[in-house]
Amino acid sequence: MKPVTCALAALALSLSLAASVWGGRAEAAEAVAPPEVDWSFSGIFGTFNRASAQRGLEVYKQVCSSCHGMDLVSYRALTGIGLSPEQVDALAATHEVNACCTDAGEPFTRPAKAADRFVSPFPNPQAARTANNGALPPDLSLIEKAREGGADYIHAVLTGYEETPPAGVTLMPGMYYNKYFPGHQIGMPPPLSDGIVTYSDGTEATLDQQATDVVTFLTWAAEPTMEARKETGVKVLLFLIVLTAFLYALKRKIWSDVH
Amino acid sequence: MEANKTWKNPIVAWIDNRLPIFSMMNADLVDYPTPKNLNYWWNFGSLAGIMLVIMILTGIFLAMHYTAHVGYAFESVERIMRDVNYGWLMRYMHMNGASMFFIVVYIHIFRGLYYGSYKPPRELLWILGVFILLAMMATAFMGYVLPWGQMSFWGATVITNLFSAIPLVGQSIVTWLWGGFAVDNPTLNRFYAFHYLLPFIIFALVFLHLWALHVHKSNNPLGIDVKGPQDMIPFTPYYTIKDAFGLGVFLIVYLGFVFFAPNFFGEPDNYIKANPMVTPPHIVPEWYFLPFYAILRAITFDIWFIPAKLIGVTMMFGSIIVLLFLPWLDRSPVRSARFRPLYRQFFWLFLVDCFVLGAAGGHPPEGHWIWIGQVATAYYFAHFLIILPLLSYLEKPRQLPSSISAAVTPGGVGISAKGVAE
Ligand code: HEM
Numbered sequence: 019m020k021p022v023t024c025a026l027a028a029l030a031l032s033l034s035l036a037a038s039v040w041g042g043r044a045e046a047a048e049a050v051a052p053p054e055v056d057w058s059f060s061g062i063f064g065t066f067n068r069a070s071a072q073r074g075l076e077v078y079k080q081v082c083s084s085c086h087g088m089d090l091v092s093y094r095a096l097t098g099i100g101l102s103p104e105q106v107d108a109l110a111a112t113h114e115v116n117a118c119c120t121d122a123g124e125p126f127t128r129p130a131k132a133a134d135r136f137v138s139p140f141p142n143p144q145a146a147r148t149a150n151n152g153a154l155p156p157d158l159s160l161i162e163k164a165r166e167g168g169a170d171y172i173h174a175v176l177t178g179y180e181e182t183p184p185a186g187v188t189l190m191p192g193m194y195y196n197k198y199f200p201g202h203q204i205g206m207p208p209p210l211s212d213g214i215v216t217y218s219d220g221t222e223a224t225l226d227q228q229a230t231d232v233v234t235f236l237t238w239a240a241e242p243t244m245e246a247r248k249e250t251g252v253k254v255l256l257f258l259i260v261l262t263a264f265l266y267a268l269k270r271k272i273w274s275d276v277h
Numbered sequence: 076m077e078a079n080k081t082w083k084n085p086i087v088a089w090i091d092n093r094l095p096i097f098s099m100m101n102a103d104l105v106d107y108p109t110p111k112n113l114n115y116w117w118n119f120g121s122l123a124g125i126m127l128v129i130m131i132l133t134g135i136f137l138a139m140h141y142t143a144h145v146g147y148a149f150e151s152v153e154r155i156m157r158d159v160n161y162g163w164l165m166r167y168m169h170m171n172g173a174s175m176f177f178i179v180v181y182i183h184i185f186r187g188l189y190y191g192s193y194k195p196p197r198e199l200l201w202i203l204g205v206f207i208l209l210a211m212m213a214t215a216f217m218g219y220v221l222p223w224g225q226m227s228f229w230g231a232t233v234i235t236n237l238f239s240a241i242p243l244v245g246q247s248i249v250t251w252l253w254g255g256f257a258v259d260n261p262t263l264n265r266f267y268a269f270h271y272l273l274p275f276i277i278f279a280l281v282f283l284h285l286w287a288l289h290v291h292k293s294n295n296p297l298g299i300d301v302k303g304p305q306d307m308i309p310f311t312p313y314y315t316i317k318d319a320f321g322l323g324v325f326l327i328v329y330l331g332f333v334f335f336a337p338n339f340f341g342e343p344d345n346y347i348k349a350n351p352m353v354t355p356p357h358i359v360p361e362w363y364f365l366p367f368y369a370i371l372r373a374i375t376f377d378i379w380f381i382p383a384k385l386i387g388v389t390m391m392f393g394s395i396i397v398l399l400f401l402p403w404l405d406r407s408p409v410r411s412a413r414f415r416p417l418y419r420q421f422f423w424l425f426l427v428d429c430f431v432l433g434a435a436g437g438h439p440p441e442g443h444w445i446w447i448g449q450v451a452t453a454y455y456f457a458h459f460l461i462i463l464p465l466l467s468y469l470e471k472p473r474q475l476p477s478s479i480s481a482a483v484t485p486g487g488v489g490i491s492a493k494g495v496a497e
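If you read the sequences in order, they're chains A and F. Each residue of the first sequence is one higher than the one before, counting from 19 in the numbering used here. Each residue of the second sequence is one higher than the one before, counting from 76 in the numbering used here.
Keep in mind that the hints were calculated from the coordinates and are not lab data. One should not assume that every hint holds.
[As the list claims (entries may be wrong)] Straight-line Cα separation of at most 30 angstroms, DSS-like style, residue types lysine-lysine; simulated pairs:
#, chain 1, residue 1, chain 2, residue 2
1, A, Lys271, F, Lys80
2, F, Lys471, A, Lys269
3, A, Lys163, F, Lys348
4, A, Lys269, F, Lys80
5, A, Lys271, F, Lys292
6, F, Lys80, F, Lys292
7, A, Lys131, F, Lys80
8, A, Lys197, F, Lys348
All chains, please: the whole structure from these sequences, using the hints.
Now the structure itself:
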């Protein structure tokens, strides 16, 4: 074999092997590939659709927050999806947090402030399990980054329930059939259905609309700095491409007397 | 060192007369004679050095905000991502930087394998490189534990448990490494201390590596010795500009990942806080350890009274230790694969074998992957212990060119280390 053909063959084989590792990872985690959704935040210029993220917050408040906490997100961060500081204060004040202490050393509770983290529905994981048939509702702050398939996968789980499991599948007590959850038996009752939330902006609350909105909100929550990252990235890369082109021209010029 | 330069600036001259730091920089970075025919594979050494500096700088900024405690580590990293100004940039540069560092160093090593850079008189230079690789692996392994996600915790548990394979004292060693009876707060604390220390040890090793390099100078794609100044050009401006251009291309790729696909090399499970009660369905190390992980798992059977686990661990460490002996396993006097028709084929086969090992390490050890991993492991060692020694005797190398300048610039002398248009 010629050296070039040999090298190319080696390279092609190697790359396909590398690809098989990535394929293998995905395969192990999800039985059924989630359908792709056209997200406002995907792509190098993608940004979070503010209206959708705010509607997602409404879905979280009205539905998910009765079971799931978001320990890493503070109320003040919500200005990132377009809430005004007054709206943030008002939202925070609807929750109570434990505080320490009065001058007499007594613990007391006070309304949450903008700087507080989202208040969790349960005081501890044991209480959360007890209320959910033994299943633990995971914290949702990072859920979009913590699942293979990311936003598409969560959207798929929220919309992938089937009332009657396929023939031959017997559900364990307290479990629900979900097409996309690994193993298909999930301990979360179907949280969303048409019209279960009322949007303050009048958008029609279909199942798909709610899932799309809440996933947009959760993706923002998992990485509130994503827009800054992409914006900086576009500038930095444009600069680097121009700089590298100049360096290449300079290299050609300097080396012209060697060859 | 060559005669010290005379410096025009009186302050520079005063300092240089007492501590010849400017003469040294001039001799090693400016006038430094370099073979005129180095190709782009020679860019990866300087890229590795730059990556080390980037890792140390971003690491120090992370350390200012990181808390090494099992109750706070995960949250402190998320604080860096959310609340620290440009914390997300430092963290993503550090995280992707580790992957890029390994890509660069692996290319650098395969460059050495192809062009025979480990052969006399560069054996020590090569051996120092192997030590750098070992120190990098230890650093990256311990760094991956710091964010205290699920893979951090379970990766640390699996890898530290390997030492329990050592006969008699194994279990005591593991307890000693952990500082307790499981991976826990003392483990996290000591890993953090070592993770901060080791990069500076790498820095010292790199210094020795470069010192050894500058004694006999760079090898080159022809693998023949330089015959005189007509074969060389000064490092500056020729290789400074070539390295600068290479750095530009590299940064586009590296920062492309940082800004647009920062979690490409990562595992989603590491965004779940470590939980000793929940084992992830499939524990995988970072991609750069996969070939070694495959070798570790290849041995599924005991040999006589030696348990499989002990053999696997020994082979895994052996796969790197064998590199130390490479200069004496490959006895062919010809360095460059360009003039070694058989070795060149085996080089590519070996490269493919490493990818096969990587693929086997990334899949659960089931079905075909078991024997694929075993065959690839056997071939890995056969390459070094059987094929290379045999080739040294069986192969008939091609005719070597008489000199670099004769091969590269046959038309004329061009320029040389003594200056332009000699
Ligand atoms: C050889 C150079 C180095 C390598 C290969 C390396 C590698 C790594 C890796 C793989 C991680 C885990 C990243 C993640 O998944 O989040 C990490 C984390 C970390 N490293 Fe390093 N590192 C290096 C140098 C340093 C230095 C010199 C420092 C401190 C001065 C440092 C401080 C940290 C800290 C504080 C973390 C935890 C924060 C985080 O996980 O993002 N590193 N390192």
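Cross-check of the supplied hints:
1. Taking the CA atoms of Lys271 of chain A and Lys80 of chain F, the gap is near 28 angstroms; set against the 30 angstroms cutoff, the hint holds.
2. Using a Cα cut-off of 30 angstroms, the hinted pair Lys471 of chain F and Lys269 of chain A is violated, with the two alpha carbons roughly 38 angstroms apart.
3. For the suggested pair Lys163 of chain A and Lys348 of chain F, the alpha carbons sit about 12 angstroms apart, so the restraint of at most 30 angstroms is met.
4. Distance restraint check for Lys269 of chain A and Lys80 of chain F: the Cα-Cα separation of roughly 27 angstroms lies within the 30 angstroms cut-off, and the hinted pair is therefore satisfied.
5. Pair hint Lys271 of chain A plus Lys292 of chain F holds up; C-alpha atoms about 25 angstroms apart against a cutoff of 30 angstroms.
6. Distance check on the hinted pair: Lys80 of chain F and Lys292 of chain F sit about 21 angstroms apart at the alpha-carbon level, within 30 angstroms; holds.
7. For the hint linking Lys131 of chain A to Lys80 of chain F, the alpha-carbon distance of about 67 angstroms lies beyond 30 angstroms, and the restraint is violated.
8. With a CA separation close to 26 angstroms, the supplied pair Lys197 of chain A and Lys348 of chain F stays within the 30 angstroms bound.
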